[in-house]
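A.B. asks: Read off the chains here:
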Amino acid sequence: MKSSLDPSRLAPADMFRASLIGLRTRRLRSILSGLGIVIGIAAMVGVLGLSESSKSDLLAQLDQLGTNMLRIEAGSGIGIGTGELPDESVAMVGRIAPVEQVASISEVDASVYRNDLVPAGRTGGITVKAVDTNLLATLQGRMASGVFLDEAASDLPVVVLGSVAAERLGVADGSNGTIVWLGDEWFSVVGVMATLDLSPDLDRAALISYPTAETFLDHDGVPSTIYVRSDPDDIDAVRSVLPATVNPESPDEVEVTRPSDALEAKEAADQAFTNLLLGLGAVALLVGGVGIANVMVISVLERRGEIGLRRALGATRRHISIQFLGESLILATLGGLGGVALGSAVTAIYAWSQGWGVLIPTIAVAGGMAAALIIGVIAGLYPAMRAARVSPTEALRTL
Amino acid sequence: MGSVAPTAEPVDTRTVLALSGVTKRYPGTPPVHALRGVDLDIQSGELVAIVGPSGSGKSTLLHVIGTLDRASAGTVSVAGFDVDQLNDKQLSSLRSRYIGFVFQQFFLLAGESALDNVADGLLYTGMALSERRLLAEEALEQVGLASRMGHEATKLSGGERQRVAIARALIGTPDIILADEPTGNLDSKSGEDVVRLIEDLNTRGTTIVVITHDRQIAARFPRRVSLLDGRIIEDTGVVAQEPTP
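Taken in sequence, the protein lines are chains A and B.
According to this note's numbering, the first sequence holds residues 79 to 477 in order.
According to this note's numbering, the second sequence holds residues 18 to 262 in order.
Think of the hints as simulated: they come from the structure by calculation, not from any bench.
Accuracy of the hints is not assured; some may be wrong.
Claimed, not checked - Derived pair list, reagent style EDC-like, types lysine to aspartate or glutamate, alpha-carbon separation capped at 20 Å:
1. B/206 to B/177
2. A/133 to A/275
3. B/106 to A/84
4. A/133 to A/472
5. B/172 to B/158
6. B/106 to A/348
Said to hold, decoys possible - Counterexamples of contact, computed for chain A against chain B with all Cβ distances above 12 Å:
7. 96
8. 101
9. 102
10. 144
11. 164
12. 216
13. 254
14. 315
15. 336
16. 361
17. 371
18. 384
19. 388
20. 390
21. 398
Heads up, the beta-carbon is just placed ideally off N, CA and C, and yes, glycines get one too.
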């Protein structure tokens, strides 16, 4: 005679095997329902990855360009001023103690063309500016080719082109003495600048020195823009005294901006866009979860016979619900892994194509997997409860 | 779940199944009485056919005996355990160790080999898969399917599938095997093979209850219990049978 009744037991490995049965026998359906999760997670990982990668690129850029540069312009428009700064403003600014470098720019009333045959007016949007020879150093810019304007050539008809201007004028290399038609003279191109992130207006400009502008174009040399590099610790103090220093009579007509702020604002705008995309990713994930729940409910209905058999073999209700919950969880986990892989791949490829460093945040990967698991549990809970509630006698009567 | 001691005064140790005044009533208007006061004792080593037309209560009786359903009244004792005293979990445990089932629809798991389907007979006992597979090999040999172990179970012929299902019921050497219309989905030749296998297993000591509407098959078994409208109308009684060693 038996003495006791040991409880039904299902070893964890067997539980896992049982949960895989539905996925193995209904592969296409499982793949399709898991795809929703893949897309949702991939979207979230991709969006976070791309945003982080672009941000890291931007921070690197800011780091390189520095945030200690200020740009001073004369306010212009009705009743605000003439668009010109006082002649002595550059010297005045240079006397502020924490200011390290000052360079000015003056708009020149002339146009530059590829040659003297180009009809007047077809400037390609290229402006001509007279600049101080230390402008490149102040902007921390680089030359793509050739050299920048220097004292030695300050009185000669030489010009340095911004990257876009060079492209539009058909100057590939600034070091081989190409000539362009500027004003009413032939000017030699001595250099082409690399793209300037903090002053993109100079990318579309032809730069000449003040003496050159005066000699060849009869330019008055009144500055319109001044760039200032100051001690980073005193940047705010410098900023606050600049208007009054530049134009003591009407400081209100002076606009002081910090070009790096524009990059930071761009980043903030990107962040808002990222949040929107994240929201879309979350919606995709939700739809994916509903897809899994749907497939699981159908699966429970189809597999009533199997449920009945398992109950007859000694499965408790809990064993049945764990099996179906496990199935949903495995489906969501696989979807999550696929999504993380896809999202990372998209991030890596896009970041690589943009020349950014690839940065896939751990939070995106961990968060994506956690979201997939949570979705798996929620999606599987109801079907699992339904499966557990199936009466074995009714289940065995089906078919 | 704690262990459960068998009923204080177990029935005769050779009695594997004892039903007394078992009634099964399904609520409704009017309520349906599927079983009306069934008394039935089945001894170890018996081969019993429960026969009756459809609607006679055969399936309900099988479900009550198999502890898949509870009687509305009366007592049911299986393998020495009073079913009334056991909760749902304990009944699951009872089924996993003491009762084997064979169904008309086979209920084999797709995508699994014959061997693993048979091994699933002990799935809920917590026994390791390797151990279960060893026992499954033996069970498949007993039903003559040693050569089909690695085949996918659902791709075998009907007769072979039912033999896999029988092996699955046999694997844990349960006290009783309940077969619900085991030949119902088979052609006459495969059906005959399955009946012979059942007879053969019984001569080796397995207690088997076969539910069938087929009087010809029932007639071949040593004991027949006829059901009609939820009542036993005929029981040919226990036939002394010594299992061959």
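A.B. asks: Does each hint hold? Answer for all of them.
C.D. replies: Hint by hint, here is what the structure shows:
1. B/206 to B/177: Roughly 12 Å separates the two Cα atoms, so the pair holds.
2. A/133 to A/275: Holds, at about 15 Å.
3. B/106 to A/84: With Cα atoms ~10 Å apart, residue 106 of chain B and residue 84 of chain A stay inside 20 Å; holds.
4. A/133 to A/472: Violated: residue 133 of chain A and residue 472 of chain A sit about 59 Å apart, past 20 Å.
5. B/172 to B/158: Cα-Cα ~19 Å, so holds.
6. B/106 to A/348: Status violated; Cα separation ~57 Å.
7. 96: violated (8 Å)
8. 101: Violated, because the least Cβ-Cβ distance between residue 101 of chain A and chain B comes to about 10 Å, which does not exceed 12 Å.
9. 102: violated (5 Å)
10. 144: Its Cβ never comes within 12 Å of chain B, the nearest being 64 Å, so this holds.
11. 164: holds (87 Å)
12. 216: holds (73 Å)
13. 254: holds (72 Å)
14. 315: holds (76 Å)
15. 336: Non-interface label on residue 336 of chain A holds, nearest chain B Cβ at 66 Å vs cutoff 12 Å.
16. 361: Since the minimum Cβ distance to chain B is about 34 Å, residue 361 of chain A lies beyond 12 Å and the statement holds.
17. 371: About 23 Å separates residue 371 of chain A from the closest Cβ of chain B, which puts it past 12 Å; holds.
18. 384: violated (7 Å)
19. 388: Contrary to the label, residue 388 of chain A does not stay out of reach of chain B, its closest Cβ about 8 Å off (not over 12 Å).
20. 390: violated (4 Å)
21. 398: Nearest chain B Cβ is 10 Å from residue 398 of chain A, so the label is violated.
Figure legend: structure checked against the earlier numbered hints; hints not met, in rising order: 4, 6, 7, 8, 9, 18, 19, 20 and 21.
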